[in-house]
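Asker: Residue numbers (numbering that gives the first Met the number 0), protein chains in the order written: chain A, 0 to 132; chain B, 0 to 398.
Hints were generated in silico from the structure; no laboratory data involved.
The reader is advised that the hints may include incorrect statements.
[To be verified] Calculated lysine-lysine pairs in the BS3-like style (CA-CA distance at most 30 Å, straight line):
(1) B/356 x B/315
(2) A/13 x B/380
(3) B/380 x A/65
(4) A/109 x B/125
(5) A/109 x B/41
(6) B/32 x A/88
(7) A/109 x B/75
(8) B/65 x B/356
Keep in mind it's a predicted model, so treat the numbers as computed, not measured.
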Amino acid sequence: MKILTEEWLEAFGKAINDNPAYKESASWWEGDMICVIEPSGPLDHEVRFLLGLFHGECTGVRLLEKGEEPEAEFTLSGPYENWVKIAKKELDTIQGVMSGKLRLVGNMAKLMRATRAAQEIVNSLQRVDTEFL
Amino acid sequence: MWYFYSPNIIYGEDALDFLENIEGSKCFIITDKVIEDLGYLKILTDKLEKLEKTYQIFNEVQPDPKEEVVLSAKEKCLSYKPDLIIALGGGSVIDTSKGVWVMYEYPEFGIDDIHIFNNALYELGKKAKLIAIPTTSGTGADATYAAVISRNNNGVWQKLIQAHKGLVPNFSILDPIFPKGMPPGLTVDTGMDVVAHAMEALVANGRNEFSDALALKAIELVFKYLPIAYKDGNNKDARDYLHQAATMAGLGFSNANVHIGHTTGHCLGAVFNIPHGKCVGIMLKYVTEYCLNYTAEDDKSIEIYAKMAKQLGWAKWDDEDKKAAFSVIEKLSQLHKIVNFPEKIKDIGITREDLDKNLDSLVNLCFQDASGSMCPRLPSKADFENIYRYAFEGKDIDF
């Protein structure tokens, strides 16, 4: 599936829900996440999508319209090429954030308790059959 | 891109004399009453008086420092306006001091503002330098960028691991005069904490060449000198090297991470109020076996521990990797016996009933512990439960 299409986003949400480790590690989590994929490499425009996350379930994934600012627990932003590295397991998400390749904004105290859950979201992403740009 | 953070380290006999070379004359000393009663505070204050530095003392730190104590110290520090903050004590004192340091420099910040993404914390040190003088040889807190501070969440004490690279103290002074008074039990618990830091760092997902080198040396030193210090607490060499080993392991894990030995140990300690070194020391053997049993093709745990065993002379260079790696488990058990360290959870006063009653809470806390995602093998809920059950009975991990 071509990355960042509606079909791909749906598969990403399904991969999260099919990941029992996510369900277990995020059973307490309440709060959505916005992903911002900034233009770089073959991507010439910004793409944003919202991941609905509640008690170990992905409640939905959808692309955001320009200017749309839904409430979210945190936002993860970075250039397309760094997201691709994460999806291909070439970059560890935590190392990516700590080294500034990705930026995270939100309730950090809560997020620091969710590093395992975040890792499982990335593990789910890596299981999606993805055709990169 | 990766990085390696470290304080300036001054070590060996009379290291405390280095205070003379550190600019600043108004010192806020953070310590606890035990350190004061042992006479260690007087050693420091005598030195400061000789150097004509003034000081104020905050001696209210308790084990597993609570948020309220950090906030209380912060207020006193703000009114004293020091240009040096000196942490004299174990991990609890040093962690408290890191929190106070942040909130002295940025009075508008609270504990929750101490996190890895707060770039302001790279600027720490404008008002005061932080000097860590560890009095135990275990936590490595003098070399790390984390501060473990407890908060009461609905009746359960949760250890918050607040971390930012800027929290690394400016100076770590490792004077063996301080740890020489540790009783054998504390010497062993803290020594096992060092082994846990170093062994977990070797396989944790932030490991790198710098952290590997320090972790390996720390393990070598502890295995050599802990039995000596256990038998003879006054052995100067043993105390000196164990003190250095604690900081080496601190540098190792601070730059590489720890993983589920600390996750499961933190949670065990929080729920049952057991000292940190005891908990992580017990869990280390079981989580190492859990890692060694991992069968993922790209996992390197066996290769890493086999190399470590060969480098330390615990296995022969031509031994098969799996055999060499598992020799590490045997070596841990041998060390436990030599220094009379408990092998299993039921040896530390926890009953099976206690464990079963609290297993859900333990596992839920494990999933919320930041070090839990740093392991090469990520445990499921059932895995966490079984690791605790096996560690309770002292059974080899067979899954």
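Asker: Give a verdict on every hint.
Answerer: Structure-based check of all given hints:
no.	hint	verdict
1	B/356 x B/315	violated (45 Å)
2	A/13 x B/380	holds (21 Å)
3	B/380 x A/65	violated (40 Å)
4	A/109 x B/125	holds (29 Å)
5	A/109 x B/41	violated (41 Å)
6	B/32 x A/88	violated (49 Å)
7	A/109 x B/75	holds (29 Å)
8	B/65 x B/356	holds (25 Å)
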